[in-house]
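Starting from the given sequences, assemble the full structure and let the hints guide the process.
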Amino acid sequence: MKVKRKHLELAAFIAVYMFALYLWTLPFQHNEMPYGEFDAISHWGLADFISQTDRTFVYLPKFIDERYGGDNSFKPHTLWYPPPFHTDFAIISSFAQGRFVPVYLTNAVFATAILISVFFVIRSLFGFLPAILSSFLLTFSMRDIMPYLWGQWPERFGYAFVPLTLYCFYRYYTTYSKESSKPIYLYLTSLLLGINLFIHPLTFFHSILGLFILFVFLWLKERKFPLDLKSILISIALFALLMSIFPYQSGNVIASFTQDSSSQDKVHSAFSRLAQWAPNAEDFIGSVPASYFSFREMNGLWTLPFLLFGILFLAIRRENRDIFLLAWLFSLYLILHRDLIGKISFLHRSLSATAHIFVPITVIGALSIPKLIPVNKDIKKYLIYAFSILIVVLAFMYSFPAANSTLKAAYEHPFVRVNQDEIEATAWIESNIPEDGVISLIGPPDEKKFRWLAFLSHRPFSNIVEYLTLEQYSENAQELFSKELHENYVMLDYTDIGRLQDRSHAERWLQFERIELADFTLLYDKNNIRIYKYETPN
Amino acid sequence: MKLQIDRENIENIQVGSLLIIAVIVFFYFILGLQGALSALGIMVFFVLPFYFLLGKFNLREDEKLAFSFFIGAGIFPAIAYWLGIFISFRLSIFITFIILIAAAYFLNRIKKKIS
Chain V
1 MKVKRKHLEL
11 AAFIAVYMFA
21 LYLWTLPFQH
31 NEMPYGEFDA
41 ISHWGLADFI
51 SQTDRTFVYL
61 PKFIDERYGG
71 DNSFKPHTLW
81 YPPPFHTDFA
91 IISSFAQGRF
101 VPVYLTNAVF
111 ATAILISVFF
121 VIRSLFGFLP
131 AILSSFLLTF
141 SMRDIMPYLW
151 GQWPERFGYA
161 FVPLTLYCFY
171 RYYTTYSKES
181 SKPIYLYLTS
191 LLLGINLFIH
201 PLTFFHSILG
211 LFILFVFLWL
221 KERKFPLDLK
231 SILISIALFA
241 LLMSIFPYQS
251 GNVIASFTQD
261 SSSQDKVHSA
271 FSRLAQWAPN
281 AEDFIGSVPA
291 SYFSFREMNG
301 LWTLPFLLFG
311 ILFLAIRREN
321 RDIFLLAWLF
331 SLYLILHRDL
341 IGKISFLHRS
351 LSATAHIFVP
361 ITVIGALSIP
371 KLIPVNKDIK
381 KYLIYAFSIL
391 IVVLAFMYSF
401 PAANSTLKAA
411 YEHPFVRVNQ
421 DEIEATAWIE
431 SNIPEDGVIS
441 LIGPPDEKKF
451 RWLAFLSHRP
461 FSNIVEYLTL
471 EQYSENAQEL
481 FSKELHENYV
491 MLDYTDIGRL
501 QDRSHAERWL
511 QFERIELADF
521 TLLYDKNNIR
531 IYKYETPN
Chain L
1 MKLQIDRENI
11 ENIQVGSLLI
21 IAVIVFFYFI
31 LGLQGALSAL
41 GIMVFFVLPF
51 YFLLGKFNLR
61 EDEKLAFSFF
71 IGAGIFPAIA
81 YWLGIFISFR
91 LSIFITFIIL
101 IAAAYFLNRI
111 KKKIS
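Taken in sequence, the protein lines are chains V and L.
Residue numbers for the first sequence follow my numbering, beginning at 1 and rising by one.
Residue numbers for the second sequence follow my numbering, beginning at 1 and rising by one.
You can trust all of the hints, since none of them are fake.
Partial list, computed: chain V residues near chain L (C-beta under 10 Å):
hint, residue
1, LEU10
2, SER94
3, PHE120
4, ILE195
5, PHE198
With a straight-line Cα cutoff of 30 Å, these simulated DSBU-like cross-link-like pairs (lysine-lysine) come out:
hint, chain 1, residue 1, chain 2, residue 2
6, V, LYS182, L, LYS113
7, L, LYS64, V, LYS224
8, V, LYS381, V, LYS6
9, V, LYS182, L, LYS112
10, L, LYS56, L, LYS113
11, V, LYS62, V, LYS526
12, V, LYS526, V, LYS448
13, V, LYS178, V, LYS230
14, V, LYS6, L, LYS111
15, V, LYS182, L, LYS111
Using C-beta positions, here's what the derived DEER-type ranges look like:
hint, chain 1, residue 1, chain 2, residue 2, range
16, V, LEU220, L, ARG60, 24 to 34 Å
17, L, VAL25, V, ALA518, 55 to 65 Å
18, L, PHE86, V, LEU233, 28 to 38 Å
19, V, GLU424, L, TRP82, 31 to 41 Å
20, L, ARG60, V, PHE212, 18 to 28 Å
21, V, ALA275, L, ILE95, 49 to 59 Å
22, V, ILE316, L, ILE95, 52 to 62 Å
Keep in mind that the hints were calculated from the coordinates and are not lab data.
In this text, all values refer to a predicted model and were calculated from it rather than measured experimentally.
Using N, Cα and C, we set each Cβ at its ideal position, and we do this for glycine too.
So, in structure tokens, the structure goes:
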């Protein structure tokens, strides 16, 4: 067997990608219990329901519908996302026979798919070295890692489509002439755009704007208009076909896009932001940490000189491939300033796509420096290798530690993940409580537990204690509390609070159980979890 | 010329197989059998059918590999989801796989006939 250069390059990329996946799977390598914020629960739960029940659905099951029933503005009570993303998880979950690791691993592969698409695109346009270094640096992108851990999963995968879609169009445009053209690239553009919409609408709009800017930039340089009517019509038909596969979800994209005018009041202050890349951190207090908006903390200040030099280098050289990157960069700039026209929703999420374009430009900037040094060709080659090593060393010194510690320590507190005892209880609930039976949960200190237990048991849960603390219920809280207890199943879960040093929390609920649930029927009693039901006396 | 293409294909298959085995072993070591099966599933369901389908078009090897993963992750589940409304989801995964492999096979035959 003869090993060729292309094989070695592929092996090198796979080594980098496996290293990235090793890092990104740290949160579940030693603890396979699921984790994440509310978004993560919904993404995991949709997949789990399909694989566990061995069926898909048009209308949401009750336990999902009670929270997400209104999220599809076009057709309420149906999926608010197109199904492919979650079905991918369900396919792998069914095949690998696991509820957690297969879903979380597939998600890690999807979330790091940007390494694949950037490697592929940059290698095609700029060669192997910039491509492998870009993929390597993206491994430590904190603006990708943080949403990945929190649960904005489809977006992470969706962004990987942006460079690919732009690449296909670029190939179509640059190879087009009156005598010959490669319409396959236009069809692929259309196909990838349609799938991009399946994965996440926000990233689809990034791709659309990117395509428009790329076309304008290329047209300004080449003055070429690739008007191949047949290919264009086939591409439109292909996209329309994809849109029609999930009409309710495609309708929701249109409905949500046209309804989104929630923040007209922000328009006035937005103009001052034109000179800034990121939105103001103060506008997102409570939802995203301030560090998320910091270039220093997310990208590393050491990348800035290379990035600026890279932009300058591309802008001066302006070959078609340079224009490709500049168009991608400019389109993201426009996306990040869409609040100027009142489109503010998910603005901070668009920021998470920054590294995808900053990193390749940073690498190209660094590797371009030797080209400007007046030495002979051989020395230039060695200087390029030296700069490559410098990038790797700097990345390990300044970018790796934050990424590694964040991923290693993610959701390691035992209270923020469901435990084996709770999973056992949810299996009992699924087998013994009817589909419309609501379970009122008391005990776990983490507010997300009730949603995890709902999605694990495929039954609706009520976070009774949480909502009774809301001001609007304060007047008749006791009455509501008692009513809910008598109507629902009541689950007392001491698995977390039982382990607290301070026993007062557990004692409070034990006393409550003894007094308030004295005449309830005990249905389940195992591992510090008890489930009761009030039975109406005959 | 044809012999050279065949030899190159064989080399690609050999190197590709080695890399796939390495990836599966890697996931087995970090995530156990479920990790290894998941990696295998991703390659079999999302990459393989569309790699064969795209093989019939005039694309470079790296383009076929990259596009097949991204297209496969969108189209394979779309078909499986629709079938899963009417039949068992596991069965729908299997049928989707057969449909796509058959489509690649027939596309190949049609292309051969045309050329």
